[in-house]
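Reassemble the complex: the two chains are provided individually, in unrelated frames, and hints are given to aid placement.
Chain order of the listed sequences is D and A. Residue numbering for the first sequence follows the working numbering, starting at 5 and increasing by one per position. Residue numbering for the second sequence follows the working numbering, starting at 65 and increasing by one per position.
Worth flagging that the hints you see were computed from the coordinates, not collected in a lab. Cβ coordinates follow ideal geometry from the N, Cα and C atoms, glycine included. You may find that some hints are simply not true.
Here are the simulated DSS-like cross-link-like pairs (lysine-lysine), alpha carbons at most 25 Å apart as the crow flies [as the list claims (entries may be wrong)]:
(1) A:185 with A:173
(2) D:269 with D:21
(3) D:342 with D:384
(4) A:172 with D:129
(5) D:287 with D:89
(6) D:135 with A:169
(7) D:256 with D:210
(8) A:173 with D:135
(9) D:520 with D:313
(10) A:172 with D:135
(11) D:430 with D:457
(12) D:342 with D:375
(13) D:269 with D:313
(14) D:129 with D:263
(15) A:169 with D:129
Label pairs and their computed distance ranges (CB to CB) [claimed, not checked]:
(16) A:247 with D:64: 55 to 63 Å
(17) A:169 with D:222: 20 to 28 Å
(18) A:169 with D:64: 40 to 48 Å
(19) D:222 with A:269: 49 to 57 Å
(20) A:76 with D:64: 24 to 32 Å
(21) A:187 with D:64: 53 to 61 Å
(22) A:169 with D:287: 53 to 61 Å
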Amino acid sequence: MEDQPGFPEFVQQQAGKLLEQTLQHIGLTFISLLIAVVIGVPLGILITRRKKLAGIVLGIAGVLQTIPSIALLGFMIPLLGIGAKPAIMALFLYALLPIIRNTYTGILQVDPVVIDAATGMGMSKRQLLYKVQLPLAMPVLLAGIRTATVINVGVATLAAYIAAGGLGEFIFGGIALNNTNMILAGAIPAALLAIIFDWAVARLQKLRMQKVKTALYLLPFLLLILSSFYLLPAAYGTSLVAGFTPEFMGRKDGNLGLKQVYGLKMRTVVISDMIMYKAAYEKTLDVISGSTTDGRVKAFDLQSLTDDKHIFPPYYAAPIVRQETLDKYPELAPALNKLSGIINDSVMTELNYRVDYLKQDPAVVASDFLKAKGLLQAAKHGTKGPVVIGAKIFGDGYILANMYKLLVNGYTELEAITKTGLGGTKICFDALTNGQIDLYPEYSGTGLLVILKADKSVVDTLVSDKQKVYDYVSREFMQRYHIRWLPPIGFNNTYALMMRRQQAADLHITSISDLKEYLLHH
Amino acid sequence: MIKLEHVNKSFHNGKPAVRDVSFEVNTGETLVLLGTSGSGKTTTLRMINRLIAPDSGQILVNGEPVNTQQIESLRRNIGYVLQENGLFPHYTVAENIGIVPTLLKWDKKRIEERTHSLMEKLRLSVADHYHAYPQQLSGGQQQRVGLARALAADPLVLLMDEPFGALDPVTRVSVRKEFRSLDEIHNKTVIMVTHDVPEAFELGNRICLMDQGVIQQTGTPTELLFNPVNDFVSNFFHEQRFWLELNALRLTDIKPWLGNTIPGENHAPVLKGGNSCWEALEQMTTLSAPVNIAFEDKLVRIDTSELMHAFRQYKQTVNGHGRSTRLS
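So that you can see chain A by itself, here it is in the shape it has in the complex (with noise of 0.2 Å):
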């Protein structure tokens, strides 16, 4: 669990870098720091491991301030993700992922099965990569070493400073897909940086947008999308809108204008109530067939138009009580 209270941060020439920043994040969650470059979102994450020292305000990690626990124990404790990796040359692949294991004097026996568990976990060759140095991976096998490290000695936090920036786009999908079914991040406390609308979407439950060092707007994605607080926010996602709108909502959302349609035939693909309108819509281009969707208390059968009239239903009523948002 972390807490920040009003934190307040200036560069050395007086500008603020961060201003009255305030967020919780609990177990089991992630939150998105998402923004331009400048905004603020980086040093805020790097006063959380104490990287940076903030100049008033109060950070709590686990219930407790951070400037009073012992500072190499604090941050053995959190996981930490860069975007250059940041690999140890002179060190395996395995020592590397055994680093902070080791500053926390595990045994060898213990270190040497997790790190095989995490390799495997991963997708990284036990047999070709254990002993290979950071040099000779491709970048998607340091990125994925470096998820490895930061997870090596099961931490309940971890932080991630824009973790897939540095891949190629076919490389982050893949990359940022193998973290997302990583059932280990299920548990912990996660904040990740980035300036990637869509991975932002992909991977926080939560958004926490940030401009010139100040928080915009913390919420899910659909409330950011249908419930911009403010100009910025509702612009900021301007480009991307049709398709982010459609990956956030989630059938259910749109249940209640989808009307009772009778039962499909039984060979028809099913969708369920969690899948996004996207999904739905891949379906049904692809299939050039209306699909079937199973609800808790019901079985619908839509097809795309059904579906896009759904959605503009959707939109009318929550701009009524929200801000009013472009058209996409």
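Chain D extracted, bound-state conformation (with noise of 0.2 Å):
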């Protein structure tokens, strides 16, 4: 076990990333405003001229705001895929609503008087927009932008979760990995960024409005300046491009272990889990960190290669149980048993398919498969508990709780409550240890790499045998917990780099050595 390091340490090891993921996220906030600001304003003019239009205009841009900023990256994913794009679009629509607005009230409050004194000196409608209504608007127009830019400084984070880099693949990746620096090194940086660019527009609207002309002009400059900062980390690159998890991306069994033992150096995109294997099928991303028991591993044709130097450690899934909740209910442990060795990594795939795939509900797709096995038996409505049943936001996690559920309810006279989707490790070892749930699937090597954050001449003792994980982080956490690893369910869900079967075939890789050797000499 090693202690965390100061955040200092942290930021200081990881400045060259944190300076990449900074510019991306500036770069990203500044495309999609620039564009915003180009498309909006004209908008937001055009509507002041044509007012039948505004209700249509404003209303439209009002319903986009509206949209969770999760669902709107995800619309935009079948538009546009993955990466830059649609996040720049998200961002873009995002921070449209406050630039029309503030355009279209900036101009109408303009004195009508001063309108009125301009048009009857003779100034055409060209040079009243530009010489007159503009440059008092002005101020509420910079005002817009003002919030446009702070709101897209927030949204950014996001973009982390479709492969489009900023300081989300810190704060994604902390979240996975119960890193507070990590989480601490994206969000810091992700607010000051917002605080000095709310201070810079406000600085900028205080200007005396003779000046505002020429901010007016240098305006465009700073944001293409800004916008540009997006390129600067994505001019490196190789062949292939891989897409790894925020999670994967700060694991020791991750990307960091494919660098340190492989050597592995290939263009990296961070994504979410959700879209990375789809992602890999269309042809966006070549290769990927799966989990071997994932359902769209034999939907989408994915193959794994093999791990030859032995970096990912078992995953053998097993309940974790409260040992005060055990003490209190000892028929509970008999009742999760009955699924230990039944399930093989080909079974849970199979499971895996119906849920992510076919998308049959988890709790039907559990059920069949007690009934397959002989080991359904009709809930016995009892009354003592109840036993909270968590899992993680994966399919695995869904199947198993549902199925956890049903055996409690079946052969105890306790009853269970599935709480799942709960987020990464993180969050749902912390609700273990602080009772909100009473036991959840959770994974050898996780337990080892994540949550006991095992030495590294540990690791490397026990990695090649799963019992040996699986003995040693039983150990552990009784000792550090007070938190029981029931016997393994059976299958292994580990990581592996995967890539298309017949792009595969045509490189001929079937290990990540092989990998690492075509892209030397690609």
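Set out below in structure tokens:
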């Protein structure tokens, strides 16, 4: 066990990455802002002249604003794929409303007497706009840009979900890895960016009106320069593109291990687990950090590369339970253990396939499976308990939690409740130690590396043997947290690098070492 | 030169705003559109520089119908003064004054010289106010800048919409006086809208009295006072009639009733035939003595009672031709 290094050390170690992410973040924010200004300001001007359009335009922009940001990103994927394009599009749509609305109100609030004087003196519509309306609307217009900037800095953190980079990579990686320093390394710069840009635009607003003219001409250039930041980090690249989850990026048995042990260097984007497999199938990505039992591996015909240097430890799933709960309800463990040794890799992949790809209800899949195995018993509607069963947000978790619920309800007098979709490991494990849930299915490898954060020397001695890993985590969990590991369920849901079967065959790549060789020469 | 021929305009709701308005204003002349709010005087004014389009009728500026002239160039050649001055808050005083010359693409030096000269004429300190913003000026100063802006490109025509209406009474009198003494005004065709009767009498060569969109009477101040065409016109001036009449009448007008008085001593103050009766009365009251009046053909010496006698005689005579007016 090694202590987490302090925040300053973390920042120092990750300075390069932090800078890259910050630049990407600024770039994303301002590319979308630039587009929003270029489109929103003329649109705002247009609706001051065609008042009938005003309601419709502001209405549409307002509705766009109410779509939850993560959903908006989701809508963009089928249209624009993954990466910068959908992220910029979504951020642009968010920035649109404040810019259109403030251009519109800014121009409308210009003193009508001044407009009358300008018209009466013989200014054309164009001269009126550029010499009178826009300069006088500028403080309000800038307030709109200011709002849009702050919104964009915030929403841009979500861009990490769809492989567009930015400070979200640290934030989501940190949450997945239970690494507070990493969360802070993403969150603090994001907050600082918001504050700095807010302040800068506020300064611009307060300038004397005369100087605003100059600022008006400077603004597009400034936006362009800031926008170009996004392109800087993307300047290097390889022939194949990898997409890894935020969690995989920061794990020793993930990207760090690939770099250290295999010396693998390739262009890597960070992407949410939810869209990673499909992106590989659609050839947006070539290599992904899949998990071996995921249903989508089957659905999208992906092939795992052999881990010939053994950096991915075994990930045998087993229920982990609070000892307190086991002591209180001795009948619980036997009911849970009915699943032990029953589900192997291919069974789990099949079950996940039904849930993830065929979109069947995890509860139905769970009950069908138990019935087939002759394990399903009618619920006894017990009054003891309740026992709260948690699960992470992945397919495995939903199905297993539902099976355990059926088993507990069928074999004991306890009442089981499921609480699924608990984000990452940190959230689930914290809920368990706090007593908000009583048990959840966990993987031995995750226990070893993420929760216990075992030393490299310890990991090296254990990693090739699944039994040793299981024994080690069982012992340590009981000692440190008073939590028991019940016998493994059977399948090994480990990380694996995956490629499209066809491409792997074409390039003659079967192992990670092959991949590295290929990248060296292409 | 401005000419309106049978101009009509209705509001959006169909109510007539201006009905069959016709008048003509010559170069060097100031016509005042006088009336209460809603009388159609501002609508009439704004149709001349095409801020409002008439429904029917013809408007000519400098002999050409306005709707055949290029709209921006028409407006650039017409000075426009507004009640709320309408100065650009983001422009300095100098930039405000230079707006129309800039639109007309004068060179910088010429604009600068013109701005300097106008500011001096309107008693605006170049040192203090040239680079100031309108918000930093007093109401009177702002209105002077508004005047300077309208005059900047030396237009032949000047339209003024209640130009002194937003000023306090003291400032109003002083700005008005400056306006009247501007030499630039004398070769221009000026149309001014006001609801202030003394202002109309002070500044207008002729007054066009409007009510409910219709012209009641157009004429010189004296014509309106002593030959009103209807009750509306005579009632309109009822409140201030005595003062207005004394002000409107020149000493020349009452000369026939002043008799052949012996010339006074040389050191006594001398008024001219062009002075108003009011000015003569003021003189006599201040000095508590008779005054000398130098007509072209004779010199007379009168006191208060002689003046008032002649005034009454004049009124009786004109009332014989015109409509009856109530005695003041």
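A quick look at each hint next to the structure:
{"no.": "1", "hint": "A:185 with A:173", "result": "18 Å, holds"}
{"no.": "2", "hint": "D:269 with D:21", "result": "15 Å, holds"}
{"no.": "3", "hint": "D:342 with D:384", "result": "17 Å, holds"}
{"no.": "4", "hint": "A:172 with D:129", "result": "24 Å, holds"}
{"no.": "5", "hint": "D:287 with D:89", "result": "16 Å, holds"}
{"no.": "6", "hint": "D:135 with A:169", "result": "15 Å, holds"}
{"no.": "7", "hint": "D:256 with D:210", "result": "50 Å, violated"}
{"no.": "8", "hint": "A:173 with D:135", "result": "21 Å, holds"}
{"no.": "9", "hint": "D:520 with D:313", "result": "12 Å, holds"}
{"no.": "10", "hint": "A:172 with D:135", "result": "18 Å, holds"}
{"no.": "11", "hint": "D:430 with D:457", "result": "12 Å, holds"}
{"no.": "12", "hint": "D:342 with D:375", "result": "13 Å, holds"}
{"no.": "13", "hint": "D:269 with D:313", "result": "16 Å, holds"}
{"no.": "14", "hint": "D:129 with D:263", "result": "62 Å, violated"}
{"no.": "15", "hint": "A:169 with D:129", "result": "17 Å, holds"}
{"no.": "16", "hint": "A:247 with D:64: 55 to 63 Å", "result": "59 Å, holds"}
{"no.": "17", "hint": "A:169 with D:222: 20 to 28 Å", "result": "27 Å, holds"}
{"no.": "18", "hint": "A:169 with D:64: 40 to 48 Å", "result": "42 Å, holds"}
{"no.": "19", "hint": "D:222 with A:269: 49 to 57 Å", "result": "53 Å, holds"}
{"no.": "20", "hint": "A:76 with D:64: 24 to 32 Å", "result": "30 Å, holds"}
{"no.": "21", "hint": "A:187 with D:64: 53 to 61 Å", "result": "55 Å, holds"}
{"no.": "22", "hint": "A:169 with D:287: 53 to 61 Å", "result": "60 Å, holds"}
In summary, the structure is inconsistent with hints 7, 14 from the numbered list given earlier, while agreeing with the others.
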